[in-house]
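Visitor: The residues making up each chain are set out below.
Number of protein chains: 2
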Amino acid sequence: MSFSPLIRQLIDSLRILPGVGQKTAQRMAMQMLERDRSGALRLAQALNAAMEGVGHCSRCRSLSEEEICGLCRDPQRDDSLLCVVEGPMDVHAVEQTGFRGRYFVLKGHLSPLDGLGPEAIGISELLERINQGSFSEVILATNPTVEGEATAHYIAQLLSSKGLIASRIAHGMPLGGELELVDGGTLAHALAGRRPIQL
Amino acid sequence: MSFSPLIRQLIDSLRILPGVGQKTAQRMAMQMLERDRSGALRLAQALNAAMEGVGHCSRCRSLSEEEICGLCRDPQRDDSLLCVVEGPMDVHAVEQTGFRGRYFVLKGHLSPLDGLGPEAIGISELLERINQGSFSEVILATNPTVEGEATAHYIAQLLSSKGLIASRIAHGMPLGGELELVDGGTLAHALAGRRPIQL
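Quick note, the sequences are listed as chains A and B, same order. Mapping to the numbering used here: the first sequence position 141 is 397, numbers consecutive. Mapping to the numbering used here: the second sequence position 53 is 309, numbers consecutive.
Hints may contain errors.
When chains are identical, the list treats them as one kind, so a pair holds in a single copy or across two.
Stated by the list, open to error - Derived lysine to aspartate or glutamate pairs resembling EDC-like cross-links, with alpha carbons at most 20 Å apart:
#, residue 1, residue 2
1, K363, D292
2, K279, E351
3, K363, E290
4, K418, E323
5, K418, E308
6, K363, E405
7, K363, E322
8, K363, D439
9, K418, E351
10, K279, D346
11, K418, D439
12, K279, E290
13, K363, D268
Worth flagging that the hints you see were computed from the coordinates, not collected in a lab. These numbers were taken from a predicted model, which means no experiment stands behind them.
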């Protein structure tokens, strides 16, 4: 049985969602058509509104509906700390930790094989932001992947001449992890980064 | 960090999709906003088009853009066999097996606790369809769940007076399954339904 054109088009369109393959897209399409048409129409409306209305904050480059986002406007935050991350979701994750400095959101990480150099990921906007601010420390919170490490290293080199502390988030054992299951690289970092126990 | 209103609305709307929780919806929203806005707009358009354009086949009650769907119109199919399923996705699944009879799609299964009685799931339309057709056998292919079994049993009773064969799909070991892993009920069905080996 082949689906009718409109259903097929809906299934194909749903596959742009991350983690959604053919089978999941079919189930989503059927479920909406059979059980929740008003929800589907609301989703269509929300998609249109968000794609048209959401841009990027001109200061931190995170997603924002306004010229300058709420986090950048908040006068309560620490203007001496800048946290550099790879994407808007990372801002959300770092916020959960209680961090209360400022952010800068790169467009991903350096990836020369994909043609993504410093300009493509917004390094010049980052330098501009740093020059405009009064930061004493820049925390490089890119992902602990090969590309994320390279990106952090690249930025740290650029900042070395500016008299700023460029710091990197710690690598080590995740809480609740097990030594026998964690990879060797992580365990090596955990050993090398060991700290005296404060009693 | 709380998301801005349009992003929050998008995340909430995405959660109508089956299997999509808060975290997945956030990732989907961010991915679309950061990487694929044109795909998201196409998805919005496909949702609108499908919700407006797709109705139900007046004969088999499956999803269809036309008054009568392609399967019901197909003159090559066996008019003596009717396969009754719980939803449009089941038609898709049964089609894969090579079945070439006709279909009738219920609106789910009997579920008295949810207030879904015979009328709500379309039993009267099923009886009407059977009266209009020239079927010799009605295959009850509802799911092998408690509700699906009850629904099949209910329909079989209704049909018993009509001189039709009402058959039920077989229960037993799924291919590739393992005896030690399968539940006792399935294994009991597999034993009770055993067949002589044809050499």
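Visitor: Against each hint, give a clear statement of whether it holds in the structure.
Guide: Hint check:
In this homomeric assembly, K363 and D292 come within 20 Å of each other (Cα to Cα) only across copies, at 13 Å, whereas the closest approach inside a single copy is 35 Å. Proximity of K279 to E351 under the C-alpha cut-off of 20 Å is restricted to the inter-copy arrangement: shortest distance 15 Å between copies versus 35 Å within a copy. For the identical chains of this complex, K363 and E290 are inter-copy neighbours only, at 8 Å across copies versus 39 Å inside a copy, given an alpha-carbon limit of 20 Å. In the homo-oligomer, the alpha carbons of K418 and E323 never lie at most 20 Å apart, since the shortest distance is 28 Å inside one protomer and 71 Å across protomers.
Proximity of K418 and E308 under a CA criterion of 20 Å is satisfied in neither setting, with 38 Å inside one chain copy and 59 Å between copies. Taking the shortest Cα distances, K363 and E405 sit within 20 Å of each other inside one copy (15 Å), while across copies they are farther apart (53 Å). In this assembly of identical chains, K363 and E322 lie within 20 Å of each other by CA distance solely inside one copy; the values are 19 Å within and 45 Å between copies. Proximity of K363 and D439 under a CA criterion of 20 Å is satisfied in neither setting, with 28 Å inside one chain copy and 50 Å between copies.
In this homomeric assembly, K418 and E351 never come within 20 Å of each other (Cα to Cα): the closest approach is 27 Å inside a single copy and 67 Å across copies. Proximity of K279 and D346 under a CA criterion of 20 Å is satisfied inter-copy only: 13 Å between copies versus 29 Å inside one chain copy. In the homo-oligomer, the alpha carbons of K418 and D439 never lie at most 20 Å apart, since the shortest distance is 36 Å inside one protomer and 67 Å across protomers. Taking the closest pair of Cα atoms, K279 and E290 come within 20 Å of each other only inside a single copy of the chain (16 Å); across copies the shortest separation is 25 Å, beyond that limit.
Taking identical chains as interchangeable, the C-alpha atoms of K363 and D268 are never at most 20 Å apart, the minima being 26 Å within one chain and 25 Å between chains.
The structure fails to meet hints 4, 5, 8, 9, 11 and 13 from the earlier list, while all remaining hints are met.
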